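Participant: In case you want the letters, here they are:
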Amino acid sequence: MNAIKKTRFLKLMAVGVLVSVLALPQVAFSAPEIKASGGGKNWTFNVGVTAIRDDNLLGAPERGPIPLSLQGKNFDDTGIRWNSNIGYNYKQSSKLSFKFDYDVNQTLYEENSARDITTQMFGINTEYKISPLVNVQLMYKYIYNIVDGNDFSGINYIRPSFNYMHRTFGMTAIHFLYSDTNNWITSLRNTETTGAGIAQYIFFSNYTRRLTIGYQYRDDDAKGKNFDRDTHAVNVGFKTPLFYGINMTTDARYTQKDYKTRLAIDTRLREDNEQRYSLGLDKVLIAKMGYLQNLVLRGLYTHTYNRSTEDAVFAVNNHWELGLSAAF
Amino acid sequence: MSLKNKISLKKKIIVIGLMMTMGFFVFKDIDSRSEAQWWNPFSSDETPAGPGAGPSSGGGGVGLGGGSVGAVGGGPGLSNVSPASPGDSGGGVSADDGFGAGDGIAFDSNFLETLDVMDSIVGEIAGEINAEVITQVEQATKQVILEDQALPSVANDPAAAPAEAVNETS
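From first to last, the protein sequence lines are chains A and B.
Counting with the working numbering, you get residues 1301 to 1628 for the letters of the first sequence.
Counting with the working numbering, you get residues 13 to 182 for the letters of the second sequence.
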């Protein structure tokens, strides 16, 4: 079993290295032709690797019996995630620009390979500046998920947004979203999602500190009505430099999920209240060295508390991450 | 998808479209470009600045705001914006990069820094949203797996599912 895992892991690492080898020369060749328009460059390339740890990856419930499907398994797990992003910026004019990018993100667990997820994301983001302080953006992504080596879902995701920067009150961002999920495991999970949200970014100390307050509403309309749900999420976040070049990012998010699923114990519908708190620290280890824009060390802790009227999903999880990311 | 759902989806799309269009028109007036330029985003934004009308009350004239003088005041040099509307008090493209051009706004280095910050922040936030989309998708995927394991009655038991789901599973 370990040998199989090792082989699988090596194969995946090889894919990662291959992606890097293919992408890096492209970046290197394009670098000398970097255009100075807007001070930006056309090609971007990011790569990162992160060690992760969850003390309740499988979502073992706090209340009630452990579901049969989870019995005998390790609820906690350690894993590794690697991600890579290559992007190309195209500036049509001073007002209209496009960004094309491709992301691949893979998470592998030591014990629970059924939770291994590979996500590929192809994206186009269009930005039109109405004025230097006002812009509209249209983001489109196609997201392709593989779980435990099997095709899992394909998602078309569209997110138009409107951003306005006020000199005093900071930035207001309004967005809408529509996504269409095609689940290849069960068509009952095919879901259309519509939603909208607003976020206010308030800046302090000459833009070095940022307070974020946001709200988002989502309506998931699944083919199987048991999976329909309405979601309201509010979040408050703060980002600030600390000392020795360390930056801190904190976020608190409360999500109310109203499901159409009837409970087994009575006639009520399922309702979840999820609280998620995160604390992240990062430090730039290397800045501007050749084609390397920066090398960043990141640490993240996330506590998730999902309170549900359905005991089987009433769960708590602590999640840790420590990793390096490089931008070229 | 039922007819009702289709109608509901269409309504949502129409509402989103209307709101985006409304936002577009509300902020359209912020832009001082001519109508023709407005409707054609591919039209040249790099038209040379009109002749500067000299010193203005707002300091837009000599050196900085004065139309063709220097890269800062001259439209293309700073941010490729439209020419200033002639006349008024200052002429030339203001350092404000064309918005409210002609009002003689003096060169404001802090404001220019703000513009850079805006670009930087929008870029940073876009990157965060990109990462957030991946994270959300990963979490949603895990949630589906978790629910299908922890709540097999919901996912597989026809008795727990409404009629439509029963038909699907059968």
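No wet-lab data here; the hints were simulated from the structure.
In this text the structure is predicted, and so the values were computed from the model without any measurement.
Glycine included, every Cβ here is placed at the ideal spot set by N, Cα and C.
Watch out, some of these pointers could steer you wrong.
Unchecked claim - Dumping the calculated DSS-like pairs for lysine-lysine here, alpha-carbon to alpha-carbon at most 25 Å: (1) A/Lys1373 / A/Lys1341; (2) A/Lys1391 / B/Lys22; (3) B/Lys22 / A/Lys1525; (4) B/Lys154 / A/Lys1525; (5) A/Lys1588 / B/Lys22; (6) A/Lys1583 / A/Lys1557; (7) A/Lys1539 / A/Lys1583; (8) B/Lys22 / A/Lys1560; (9) A/Lys1557 / A/Lys1523; (10) A/Lys1525 / A/Lys1341; (11) A/Lys1557 / B/Lys23; (12) A/Lys1539 / B/Lys23.
What the hints assert, rightly or not - Quick list of the computed label-pair ranges, beta carbon to beta carbon: (13) B/Leu30 / A/Phe1543: 27 to 37 Å; (14) B/Lys22 / A/Gln1371: 44 to 54 Å; (15) B/Ala143 / A/Gln1575: 14 to 24 Å; (16) A/Lys1373 / B/Ile26: 15 to 25 Å; (17) A/Lys1373 / B/Gln151: 16 to 26 Å; (18) A/Asp1566 / B/Glu140: 11 to 21 Å; (19) A/Glu1362 / B/Lys22: 15 to 25 Å; (20) B/Gln151 / A/Thr1426: 25 to 35 Å; (21) A/Leu1624 / B/Gln151: 20 to 30 Å; (22) B/Met32 / A/Tyr1515: 44 to 54 Å; (23) A/Gly1599 / B/Gln151: 45 to 55 Å; (24) A/Thr1468 / B/Gln155: 14 to 24 Å; (25) A/Met1589 / B/Leu30: 26 to 36 Å; (26) A/Leu1585 / B/Gln151: 25 to 35 Å.
As the list claims (entries may be wrong) - Derived contacts from chain A toward chain B, CB cut-off under 7 Å, selection only: (27) Asn1405; (28) Gln1406; (29) Gly1495.
Participant: Take a quick look at whether A/Lys1373 and A/Lys1341 sit within 25 Å of each other, Cα to Cα.
Facilitator: Between A/Lys1373 and A/Lys1341 the Cα gap is close to 48 Å, so the pair fails against 25 Å, i.e. violated.
Participant: Confirm or reject the claim that B/Met32 and A/Tyr1515 have a C-beta distance inside 44 to 54 Å.
Facilitator: Given a distance of about 19 Å, which is not inside 44 to 54 Å, the answer is violated.
Participant: Using the beta carbons of B/Lys22 and A/Gln1371, state whether their distance is inside 44 to 54 Å or not.
Facilitator: Cβ of B/Lys22 to Cβ of A/Gln1371: about 46 Å, so the range 44 to 54 Å holds.
Participant: Look at the Cβ atoms of B/Ala143 and A/Gln1575 and judge whether their distance stays inside 14 to 24 Å.
Facilitator: 21 Å, holds
Participant: Could you say whether the range 15 to 25 Å given as a hint is met by the Cβ separation of A/Lys1373 and B/Ile26?
Facilitator: With Cβ atoms ~47 Å apart, the hint is violated.
Participant: Are the Cα positions of B/Lys154 and A/Lys1525 separated by 25 Å at most?
Facilitator: Answer holds: B/Lys154 to A/Lys1525 is near 19 Å, not above 25 Å.
Participant: So does B/Gln151 sit 25 to 35 Å from A/Thr1426, Cβ to Cβ?
Facilitator: For B/Gln151 and A/Thr1426 the Cβ distance comes to about 27 Å; the hint holds.
Participant: State, for the Cβ atoms of A/Glu1362 and B/Lys22, whether the hinted interval 15 to 25 Å holds or is violated.
Facilitator: Cβ of A/Glu1362 to Cβ of B/Lys22: about 42 Å, so the range 15 to 25 Å is violated.
Participant: Do A/Met1589 and B/Leu30 keep their Cβ atoms within the hinted range of 26 to 36 Å?
Facilitator: 50 Å, violated
Participant: Using the beta carbons of A/Thr1468 and B/Gln155, state whether their distance is inside 14 to 24 Å or not.
Facilitator: 40 Å, violated
Participant: Within 20 to 30 Å: is that where the Cβ-Cβ distance between A/Leu1624 and B/Gln151 falls?
Facilitator: Given about 23 Å between the Cβ atoms, the range holds.
Participant: Checking one constraint from the list: CA of A/Lys1539 to CA of B/Lys23, max 25 Å. Satisfied?
Facilitator: The given pair, whose Cα atoms are some 38 Å apart, is violated under the 25 Å limit.
Hint violations for this structure: numbers 1, 2, 5, 6, 10, 12, 13, 16, 18, 19, 22, 23, 24, 25, 28 and 29, all remaining hints satisfied.
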